[in-house]
Amino acid sequence: MKWFDDFFETKTRQVAQSMSRRNALARLGNLLVGTALVLPVLPFDRVGSHAHAATKKGPDDTSCDYWRYCALDGFVCTCCGGTVSSCPPGTEVSKVTWVGTCRNPANGKDYLISYNDCCGATMCGQCFCNKNERERPAYRMGVHNDINWCMSNASNTYHCTVAAIVGVGDPKG
Amino acid sequence: MREKLPLPLPLLLLTLACPVVFAAQSVGSPRLNFVLHCAGCHAMDGSGNNAPGIPNLRGTIGNFLKVEGGRDYLAQVPGASQSPLSDQETAELLNWMLREFSAKELPATPKLYSADEVRQLRRRPLADVMKRRIEVTDKLLREVGVDLRSYP
Chain A
1 MKWFDDFFET
11 KTRQVAQSMS
21 RRNALARLGN
31 LLVGTALVLP
41 VLPFDRVGSH
51 AHAATKKGPD
61 DTSCDYWRYC
71 ALDGFVCTCC
81 GGTVSSCPPG
91 TEVSKVTWVG
101 TCRNPANGKD
111 YLISYNDCCG
121 ATMCGQCFCN
131 KNERERPAYR
141 MGVHNDINWC
151 MSNASNTYHC
161 TVAAIVGVGD
171 PKG
Chain B
1001 MREKLPLPLP
1011 LLLLTLACPV
1021 VFAAQSVGSP
1031 RLNFVLHCAG
1041 CHAMDGSGNN
1051 APGIPNLRGT
1061 IGNFLKVEGG
1071 RDYLAQVPGA
1081 SQSPLSDQET
1091 AELLNWMLRE
1101 FSAKELPATP
1111 KLYSADEVRQ
1121 LRRRPLADVM
1131 KRRIEVTDKL
1141 LREVGVDLRS
1151 YP
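Same order as they appear, the protein sequences are chains A and B.
If you use the working numbering, the first sequence closes out at 173, no skipped numbers anywhere.
If you use the working numbering, the second sequence closes out at 1152, no skipped numbers anywhere.
No lab work stands behind these hints, which were simulated from the structure alone.
Here the structure is a predicted model, which means the values were calculated and not measured.
It cannot be assumed that every hint is accurate.
To be verified - Computed footprint of chain A on chain B, listed as stretches where at least three residues anywhere in the stretch have a Cβ under 8 Å from a Cβ of chain A:
| # | segment |
| --- | --- |
| 1 | 1032-1043 |
| 2 | 1114-1124 |
Unchecked claim - If the Cβ cut is set under 7 Å, some of the chain A residues that face chain B in the computed set are:
| # | residue |
| --- | --- |
| 3 | 95 |
| 4 | 96 |
| 5 | 97 |
| 6 | 98 |
| 7 | 99 |
| 8 | 112 |
| 9 | 152 |
| 10 | 165 |
| 11 | 167 |
Stated by the list, open to error - Each pair of labels, with its calculated beta carbon distance range:
| # | chain 1 | residue 1 | chain 2 | residue 2 | range |
| --- | --- | --- | --- | --- | --- |
| 12 | B | 1128 | A | 132 | 32 to 38 Å |
| 13 | A | 134 | B | 1109 | 38 to 44 Å |
| 14 | A | 134 | B | 1139 | 38 to 44 Å |
| 15 | A | 107 | B | 1068 | 45 to 51 Å |
| 16 | A | 132 | B | 1141 | 42 to 48 Å |
| 17 | A | 125 | B | 1086 | 39 to 45 Å |
| 18 | B | 1050 | A | 128 | 40 to 46 Å |
| 19 | A | 108 | B | 1135 | 46 to 52 Å |
| 20 | A | 134 | B | 1125 | 21 to 27 Å |
| 21 | A | 132 | B | 1124 | 31 to 37 Å |
| 22 | B | 1068 | A | 64 | 49 to 55 Å |
| 23 | B | 1142 | A | 134 | 32 to 38 Å |
No residue lacks a Cβ here, since even glycine has one placed at the ideal position from N, Cα and C.
Working from the sequences, and respecting the hints, build out all of it.
Printed below as a string of structure tokens:
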């Protein structure tokens, strides 16, 4: 590395002998400002802002207006320690259920939604929703959402309801 | 808030062997109709559920075509006969379920259900579903040697 030190020492001495300090500062300033104007290349992430602009965020999954809850009658499990498709700890998913369809406004597709109840703990009491799109009256029991679908479980106690996607409503799917 | 009705399970099961019925427009493939009308109780894979008395479709239903009355029975159970599906859709769904869940048990040259056949069978609802099931499964044991008598 000695040659490296020698090289820069020599050059630095040459510059110091041939150029005034003010001149050196002016050149250095030109270099910095010029670079900034000509090459504005500081890296910054544009991806996030593009993604944000492209998708309209709808109501989140704790809101009754969340698209998957279009026929959900009961307490939403996302407010009870579960997720949109899984039961809270300490409860058991219902063995029987009913399946309806909801349209996802983000892509205009219809999805098959399984409205399983979560069973084995007392009523959650949070985020009660009552949406009834395409739900039918009691004489169509299989698509009636006032039914306690915990009826087939060891404990019939209703806690909350999930809305799991079980398929896409593609007419030829 | 409306109270959830604690419907008695046997009532539901007897009237909805397949919890059929989504009165929305039921266009689509047999697979989609199965998910929408049957899978709620019979499960997505057709395995049913022993404890609450929901019959397993897998490895079983093909046998019903081997005895007299069995074929009619499959289309006459409430879940099939009372579904909001058209006769054509119900026929296609039955044919799909037979192949999907019980291809091995099918007779060598199975006759497919037609819309006409479903229409005729729907006009003759079963007065006592369980009694007919017992008759058919007894016959299956006697004539074919397959024991599906336990319910489910």
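Range hint 21 to 27 Å (beta carbons of residue 134 (chain A) and residue 1125 (chain B)) holds or violated: About 26 Å separates the Cβ atoms of residue 134 (chain A) and residue 1125 (chain B), which means 21 to 27 Å holds.
With chain B as the partner, please determine if residue 112 (chain A) meets the hint condition of a C-beta pair closer than 7 Å. holds (5 Å)
Given hint residue 165 (chain A) near chain B, where the shortest CB pair must fall under 7 Å: Hint on residue 165 (chain A): violated, closest Cβ of chain B at ~11 Å, above 7 Å.
CB of residue 1050 (chain B) to CB of residue 128 (chain A), is that within 40 to 46 Å? For residue 128 (chain A) against residue 1050 (chain B), whose Cβ atoms are near 33 Å apart, the range 40 to 46 Å is violated.
Starting from the range 39 to 45 Å, see whether the pair residue 125 (chain A) and residue 1086 (chain B) falls in it by beta-carbon distance. Hint holds: Cβ distance 43 Å, inside 39 to 45 Å.
Take the shortest C-beta to C-beta distance between residue 99 (chain A) and chain B; is it under 7 Å? holds (5 Å)
Is the gap between the beta carbons of residue 108 (chain A) and residue 1135 (chain B) within 46 to 52 Å? Between residue 108 (chain A) and residue 1135 (chain B), where Cβ atoms are some 49 Å apart, the hint holds.
Measuring from the C-beta of residue 98 (chain A) to each C-beta in chain B, is the shortest one below 7 Å? holds (5 Å)
Just tell me: holds or violated, for the beta carbon distance of residue 132 (chain A) and residue 1124 (chain B) against 31 to 37 Å? holds (34 Å)
Taking the least C-beta to C-beta distance, is residue 167 (chain A) closer than 7 Å to chain B? holds (5 Å)
Given coverage of the segment 1032-1043 of chain B by chain A, tested with a Cβ cutoff of 8 Å and a minimum of 3 residues: Result for this restraint: holds, n = 7.
Less than 7 Å between beta-carbons is the criterion; does residue 95 (chain A) satisfy it with respect to chain B? Status holds, d = 5 Å.
When held up to the earlier numbered hints, the structure conflicts with 2, 10, 18 and 23 and fits the remainder.
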